[in-house]
Structures are given as C-alpha cells and as structure tokens.
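Q: Chain by chain, the residues run as shown.
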Amino acid sequence: MEKEVGAGHKGSFTAKVLSNQQIRECYYRLNLKLDPIGSRLFETAKPGRFVEIDLAGLPLPPEDKIPPALRDAAYRQILLRRPFSFSDVIFVPGQNGPCVKLEILYCILGPATLRMMTLAGGDTLNLIGPLGNGFALPDTLKKAVLIAGGMGAPPLLHLGGYLKRHRPEVETICFAGAKSCEDLPFTLKIGNLTGLVLEEFDVLGIPSLVATDDGSAGFRGFVTDCARRWLRDNQPNPGETLVYACGPEPMLAEAARLAKEFDLPCQVSMERMMACGIGLCQSCAVEIKTDSPGQTEYKLCCKDGPVFDSRNVIFNL
Amino acid sequence: MEQNVDLTVDFAGLKLKNPVLTASGTCGYADELAEFMDVSKLGGVITKSITAAPRKGNPTPRIVETDAGMLNAIGLANIGLERFVSEKIPVLEQLGTTVFVNVAGQMIDDYVQVAERLAKEKAVAGLELNISCPNVKQGGISFGTDPTQIRDITKQVKAACGHKPLIVKLTPMVTDISAAARAAVEAGADALSMVNTFTAMVIDIETRRPVLANRTGGLSGPAVKPIAIYLVSKVYQEVARPAGVPILGGGGIRTAADAVEFMIAGAAAVTIGTATFVQPDTALHIIEGVRRYCTRKGLTTMNELTGSLQ
Ligand SMILES: Cc1cc2nc3c(=O)[nH]c(=O)nc-3n(C[C@H](O)[C@H](O)[C@H](O)COP(=O)(O)OP(=O)(O)OC[C@H]3O[C@@H](n4cnc5c(N)ncnc54)[C@H](O)[C@@H]3O)c2cc1C
Ligand SMILES: Cc1cc2nc3c(=O)[nH]c(=O)nc-3n(C[C@H](O)[C@H](O)[C@H](O)COP(=O)(O)O)c2cc1C
Ligand code: FES
Numbered sequence: 001m002e003k004e005v006g007a008g009h010k011g012s013f014t015a016k017v018l019s020n021q022q023i024r025e026c027y028y029r030l031n032l033k034l035d036p037i038g039s040r041l042f043e044t045a046k047p048g049r050f051v052e053i054d055l056a057g058l059p060l061p062p063e064d065k066i067p068p069a070l071r072d073a074a075y076r077q078i079l080l081r082r083p084f085s086f087s088d089v090i091f092v093p094g095q096n097g098p099c100v101k102l103e104i105l106y107c108i109l110g111p112a113t114l115r116m117m118t119l120a121g122g123d124t125l126n127l128i129g130p131l132g133n134g135f136a137l138p139d140t141l142k143k144a145v146l147i148a149g150g151m152g153a154p155p156l157l158h159l160g161g162y163l164k165r166h167r168p169e170v171e172t173i174c175f176a177g178a179k180s181c182e183d184l185p186f187t188l189k190i191g192n193l194t195g196l197v198l199e200e201f202d203v204l205g206i207p208s209l210v211a212t213d214d215g216s217a218g219f220r221g222f223v224t225d226c227a228r229r230w231l232r233d234n235q236p237n238p239g240e241t242l243v244y245a246c247g248p249e250p251m252l253a254e255a256a257r258l259a260k261e262f263d264l265p266c267q268v269s270m271e272r273m274m275a276c277g278i279g280l281c282q283s284c285a286v287e288i289k290t291d292s293p294g295q296t297e298y299k300l301c302c303k304d305g306p307v308f309d310s311r312n313v314i315f316n317l
Numbered sequence: 001m002e003q004n005v006d007l008t009v010d011f012a013g014l015k016l017k018n019p020v021l022t023a024s025g026t027c028g029y030a031d032e033l034a035e036f037m038d039v040s041k042l043g044g045v046i047t048k049s050i051t052a053a054p055r056k057g058n059p060t061p062r063i064v065e066t067d068a069g070m071l072n073a074i075g076l077a078n079i080g081l082e083r084f085v086s087e088k089i090p091v092l093e094q095l096g097t098t099v100f101v102n103v104a105g106q107m108i109d110d111y112v113q114v115a116e117r118l119a120k121e122k123a124v125a126g127l128e129l130n131i132s133c134p135n136v137k138q139g140g141i142s143f144g145t146d147p148t149q150i151r152d153i154t155k156q157v158k159a160a161c162g163h164k165p166l167i168v169k170l171t172p173m174v175t176d177i178s179a180a181a182r183a184a185v186e187a188g189a190d191a192l193s194m195v196n197t198f199t200a201m202v203i204d205i206e207t208r209r210p211v212l213a214n215r216t217g218g219l220s221g222p223a224v225k226p227i228a229i230y231l232v233s234k235v236y237q238e239v240a241r242p243a244g245v246p247i248l249g250g251g252g253i254r255t256a257a258d259a260v261e262f263m264i265a266g267a268a269a270v271t272i273g274t275a276t277f278v279q280p281d282t283a284l285h286i287i288e289g290v291r292r293y294c295t296r297k298g299l300t301t302m303n304e305l306t307g308s309l310q
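One line per chain: the protein sequences are A and B, in this order.
Going by the numbering used here, the first sequence opens with residue 1, and the numbers climb by one from there.
Going by the numbering used here, the second sequence opens with residue 1, and the numbers climb by one from there.
No lab work stands behind these hints: they were computed from the structure.
Each residue gets a CB set at the ideal place from its N, CA and C atoms; glycine is no exception.
A couple of the hints might just be wrong.
Stated by the list, open to error - Mimicking EDC-like on lysine to aspartate or glutamate, the simulated pairs with C-alpha atoms at most 16 Å apart in a straight line are:
hint, chain 1, residue 1, chain 2, residue 2
1, A, LYS189, A, GLU199
2, A, LYS303, B, GLU35
3, B, LYS56, A, GLU297
To be verified - Covered, in the sense of this in silico footprint (three residues per stretch, anywhere, with C-beta under 8 Å from a C-beta of chain A), are these stretches of chain B:
hint, segment
4, 29 to 39
5, 279 to 293
Work the whole structure out from these sequences, hints included.
A: Here it is as structure tokens:
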C-alpha cells in the first residue's frame with residue numbers, strides 16, 4: 001500500500017485561485033481554495049505559520065503593468081518557491097470534512113511576486129505547508145498587543161481573527177506602521193474614537209492605531225513609538241500580556257527593546273531567505289542565545305521559527 | 001510485450017535499489033524529507049556533511065537565487081559527530097534505503113576520526129568524502145584542488161573506513177579534474193562523486209556588496225548541468241571506466257531526462273540536490289521516469305545505460 005504522506009503534518013498539495021485583487025498600488029489579496037489534502041493539513045494550522053508556493057511556471061504580466069522599478073528584476077528567472085504567511089484561514093464545512101480557504105496578502109517586490117499579479121480565478125498553484133511553528137498562545141493570555149510593520153501585517157491579521165474566534169476573552173489591540181500611507185497593506189477609515197483605524201481589524205472588533213514615518217496617516221514616526229505611548233498610558237500586566245511583532249528586522253529589534261522596557265514577553269516573526277522552507281538546506285539561520293551566557297546557536301527560521309521569543313534573538317541589523 | 005526493467009545498481013560493492021540518490025546538504029538527515037515521500041523507495045540518501053565537532057555555519061544570507069540556479073554558503077553547519085551518532089543514526093536505521101554519510105573536516109585527523117567512528121555503524125552503508133566544499137576557509141576545497149593532498153587524505157580515510165566503501169566527492173574548481181579523479185582512485189577510492197558546486201558570486205548593485213555574508217558561494221541547479229555532464233563524461237572516459245570505478249553524477253538534475261543524460265555520460269547513479277528544494281519528492285518522479293525511458297529504449301539493466309555515449 002502507498003504510504004500516506006503528510007497527513008496531520010505538512011505536505012504538498014494544490015490550491016485553486018478564487019480571486020486575486022489589487023488592494024493598493026503594490027499590494028494584492030489572493031484567495032485560495034485548498035484541495036482535500038491541503039484542507040486536512042490546515043485543520044490545525046495556527047496563526048504565524050506559512051506556506052511555500054511554486055510560482056516558477058507563471059507568465060510575466062504585460063509590459064505596461066510592470067512597475068518601472070522592476071523592469072530589470074522582471075526578466076530574472078525564478079527557480080525556488082517563495083514563502084508567504086496567510087492573513088486568514090477559513091473553514092467551510094463539507095460532507096467529506098472541511099474545505100479550507102486561505103487568504104494571502106502580498107507585495108510586488110521582484111520576479112516571483114510580479115508574476116503573481118497574473119493569477120486569476122480558476123488557476124491552480126502547488127503549495128507546501130503548513131510550515132513553521134506559529135505564535136505561542138499561552139492559557140494565561142489576556143491581552144495581545146500586535147505590532148505590524150509594512151508587509152508584516154498578514155500573520156497578525158490572522159492572529160487577530162483567530163483570537164476573536166477561539167479566545168474571545170483576550171483583549172487585542174493592533175499597531176500598524178509603514179513608511180507612508182501608500183505602503184500600508186490595509187484599508188484606512190475614520191473610526192469613532194481613535195481617529196484613523198484599519199478596516200480589516202475594525203470588522204473584527206479590534207482597535208487599531210496607524211503610524212507612518214512621513215506622517216501621511218496617523219501617528220508620525222515609528223510604529224514602536226506609537227505603541228510605546230499606549231503602553232505607558234495603559235501599563236498592561238506583564239503576567240497576562242504578550243507582544244506579537246512582525247515586520248522588517250530593525251522594527252522587530254525595536255519591538256523587542258520596547259517589550260523589555262515594559263517587562264513584557266514578545267514574540268517576533270522573522271524572515272530569512274529560504275531555499276526549501278522545510279528544514280533541508282540550513283539556509284534560513286537565525287542566531288539564538290543559548291542557556292550558557294554569551295553563547296549562541298543558529299536555529300532554522302523555517303522549522304524552529306519563524307516565530308521566536310524576542311529575548312533570545314540576536315537581530316541582524 | 002513490455003520488458004521488465006531492472007533498476008538495481010551494483011555500486012562500490014553495494015546493491016542500490018535504483019540509481020537515484022538525494023545529494024548531501026539538500027536532504028538534511030533524511031528525516032525531514034520522510035514527511036513528503038516514502039524515502040525507502042530511493043536508491044539511497046547522502047546526509048549533509050558531518051564534522052568531528054558541531055559547526056554553527058556562516059552568517060546569513062546563506063543563499064541567493066540566480067537565473068536557473070542558486071548560490072549557497074551554508075558553511076557546513078551540522079550537529080557534529082557525537083550528536084549525529086546518538087540522535088540521527090537511530091532515524092537513519094529506519095529509513096529502509098542505503099545511507100551514505102558525507103564527511104568533512106579541517107584537518108586530515110578530523111576526517112579520520114569521523115570516518116572511523118561512522119564505519120562502525122551498521123546503518124551507514126558507506127562514506128562520501130567531502131574535499132570540495134567551497135564555503136569553508138580551511139579544509140574543504142583546499143584538499144580537493146591538489147592531487148597530492150587528495151591522495152593523502154583518501155588513503156588515510158580509506159584506512160579508517162574498514163570494509164565500508166569510500167566515495168570521494170570532487171570539486172569542479174580545478175584545471176584538470178581527471179588528475180584529481182586519478183589521485184583519488186589510485187589512493188583507494190571505491191567511487192567518485194561529481195560534481196560539487198561551482199564557486200560564484202552575486203553582487204547587490206545598490207549596496208555594491210556581495211549578497212552572501214560569506215561573499216562567495218557554490219552555484220548549483222540547472223545552470224551547472226551541461227558543465228557537470230561534460231566533466232562526468234571526461235572522467236568516465238579517462239579515469240573511471242579504465243579503473244572500473246563507478247561515478248555518482250549530479251549537478252542540476254531536475255527531470256528523468258537529466259538523470260538519463262548523466263548516466264549516458266558515464267554515471268552509474270545520480271544525485272538530486274537543488275531540485276528537491278522546489279519539489280521534495282522529485283527523486284521519486286525521476287526513478288519512474290528512468291524506468292519509462294528504459295522501457296521505451298528496450299534497456300533492461302542500468303549497465304546498458306551507464307556510459308552508453310555514442
Ligand atoms: C516566513 C515568511 C513569510 C512571508 N510572508 C509574506 C507575506 O505574507 N506577504 C508578502 O508579500 N511577503 C511575505 N514574505 C516575503 C516574500 O517571501 C518575498 O517578498 C518574496 O519571496 C519575494 O519574491 P520575489 O521574487 O518577488 O522578489 P525577490 O527578488 O526574491 O525579493 C525582493 C526583495 O525582497 C527581499 N526578500 C526576498 N525574500 C525574502 C525573505 N524571505 N526574507 C527577507 N527578505 C526577502 C530580497 O532581498 C529583495 O530585496 C514572507 C517571507 C517569509 C520568510
Ligand atoms: C544548500 C546546499 C547545501 C549543500 N551542502 C553540501 C554539503 O554539506 N556537503 C557536500 O558535499 N555537498 C553539499 N552541497 C552540494 C550538493 O550535494 C550537490 O553536489 C550540488 O548542489 C550539485 O547538485 P544540484 O545542482 O543537484 O544541487 C550542497 C548544496 C546546496 C545547494
Ligand atoms: S529554508 Fe531550508 S532549512 Fe530553512
């Protein structure tokens with residue numbers, strides 16, 4: 001008999017594109033419907049995990065759709081899969097178990113994401129997942145402080161939705177930052193009390209605050225400074241509060257420092273260049289402090305991470 | 001009527017189920033791969049390089065993609081001999097395929113120590129000697145580029161291997177690869193593995209710095225295949241066939257057609273590396289593809305394929 005591969009763990013499967021919508025100049029929202037194997041694998045997928053997508057077979061978009069800054073990159077061939085987090089996982093009940101829909105938010109940055117622009121309803125993709133460890137959600141958790149920088153938002157949006165569904169007692173607040181308002185992968189709207197809020201979090205009932213480096217929306221400055229102000233005013237209890245951060249590495253380092261200031265534990269979701277995503281190649285090393293003082297070791301972002309306890313991470317700055 | 005194809009390969013005194021193996025450094029210790037396929041169907045697996053002491057490896061970025069390939073500078077990150085024996089050997093014992101352990105070091109004594117210890121393990125069918133890693137400052141490639149040193153290290157490690165076969169993995173970064181192959185064979189190598197990656201560099205034109213933290217890395221993937229084919233065919237004609245020593249060929253194999261090409265050039269068996277990153281069960285598809293090719297060509301044994309270049 002054929003061995004059953006991947007059941008309950010991770011595996012390779014196909015997904016059908018339901019829609020691929022442009023939400024900003026450079027941001028798209030991709031909705032996928034997983035085949036039965038993928039749906040089964042995702043039954044237990046926690047927020048903070050990710051998938052590796054094979055995009056090598058996709059065509060380039062027409063010349064006039066290619067942003068001028070990516071003209072050169074467009075002609076690079078792609079070989080390796082690309083890692084993506086998901087911003088939502090939806091279970092649709094069915095006769096033969098649930099069918100899972102996955103939402104991915106992505107940013108056009110290079111040859112692979114450029115090709116993703118061409119995806120349309122009905123196309124199929126090959127995915128590997130769910131990969132990595134996901135965010136820690138201790139039973140003691142009462143307050144979750146989410147800090148998203150730029151494209152670091154997707155897994156935190158998923159986390160927000162997940163907490164609302166499975167841990168409604170947890171009070172969640174989200175801080176989202178970007179260089180400028182155009183770089184936020186979200187829809188901005190005017191909230192009742194706090195001014196500018198993010199539609200995507202608002203519909204979940206999660207308050208959100210926006211920061212932009214250039215002040216084009218919300219707080220002018222770093223998202224971590226915006227969060228610092230709030231933490232000072234609110235002084236959450238360290239025993240029941242967790243900071244969750246995802247974004248560029250300097251921002252994560254700043255979030256780690258901020259959490260330390262308030263004596264809060266902090267979970268950071270890291271990114272590394274990944275060749276395999278499944279622990280085969282050792283390309284995705286993250287330097288982690290060991291129990292012996294002054295000693296470090298490399299852990300794998302794809303397998304031991306991408307989420308780490310910020311106190312242990314040596315950031316690459 | 002359809003003929004039965006016998007995919008087994010006699011390789012350095014071992015019987016492999018088929019000629020398709022996974023390459024060192026691209027299949028971990030094979031346990032991760034087991035989640036994606038039935039590893040027992042492989043001709044064999046080659047573990048990542050093991051050194052006497054654990055190695056942290058290089059800082060990141062350790063890889064960068066290029067057109068039709070990738071550069072890596074992992075720096076032989078591994079858990080070291082002791083942990084390998086206590087944690088990984090029990091896993092390898094259960095795989096149901098032929099296991100080769102790749103051995104690396106900085107000095108000959110390191111290699112000898114690792115080889116001696118691993119040769120005692122029943123789960124280890126043979127050793128692959130890595131004298132061709134381009135990403136460590138000492139040892140590695142520096143052994144592999146000088147025939148005198150190749151002879152020396154091969155002789156000493158072979159003596160430490162007991163009855164287990166020793167495969168010597170050659171670097172392509174030499175002017176005369178046949179001289180390197182000859183040195184290994186004369187010193188007792190039971191098989192040759194070729195080729196390791198090609199030293200290469202990618203520069204970020206914005207920062208004007210190399211992308212890899214190690215500055216240079218080893219190029220693998222489809223980009224290297226035609227060069228690897230040429231090198232395998234050259235060593236097969238000039239050294240391996242006359243000496244009766246088999247070649248484990250690889251470099252850029254993605255499809256069964258690629259694997260067959262290597263075998264025609266002279267490889268007795270092939271290794272799949274970078275392609276496994278893209279599709280973890282590539283090796284299994286290749287095994288079936290080789291079978292289909294043989295059926296179509298009326299070949300019944302792998303011997304009829306190896307070195308059949310016209
Ligand atoms: C765990 C994880 C989750 C991710 N989730 C998302 C997501 O939800 N949405 C999204 O848009 N992107 C996400 N990314 C990043 C995404 O994988 C890259 O943007 C994508 O690979 C770019 O491919 P490309 O060929 O278009 O561009 P490339 O030319 O490959 O890259 C463009 C630029 O991005 C940098 N880059 C590429 N890959 C990485 C990486 N893995 N880590 C750090 N920098 C990188 C490159 O150095 C380059 O400057 C995630 C990455 C990881 C590791
Ligand atoms: C990420 C990576 C790590 C590797 N690590 C090792 C290693 O530890 N020891 C070794 O002998 N070869 C190592 N190699 C080389 C491969 O075993 C193989 O010889 C090479 O990649 C060419 O084959 P390919 O094009 O099919 O990948 C590594 C290759 C890659 C891509
Ligand atoms: S990406 Fe290959 S080990 Fe993490």
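Q: For the segment 29 to 39 of chain B, do at least 3 residues have a Cβ located nearer than 8 Å to some Cβ of chain A?
A: holds (count 6)
Q: Does the structure keep LYS303 of chain A and GLU35 of chain B at a Cα separation of 16 Å or less?
A: holds (13 Å)
Q: Go check the segment 279 to 293 of chain B versus chain A for me, would you? Three or more residues, Cβ under 8 Å, otherwise it fails.
A: Three-residue rule met by the segment 279 to 293 of chain B, so holds; n is 3.
Q: Could you grab the alpha-carbon distance between LYS56 of chain B and GLU297 of chain A and see if it respects the 16 Å cut-off?
A: The hint holds at about 6 Å.
Q: LYS189 of chain A and GLU199 of chain A were given as a pair; does the straight-line alpha-carbon distance stay at or below 16 Å?
A: holds (6 Å)
Comparing the model with each numbered hint stated earlier shows that all of them hold.
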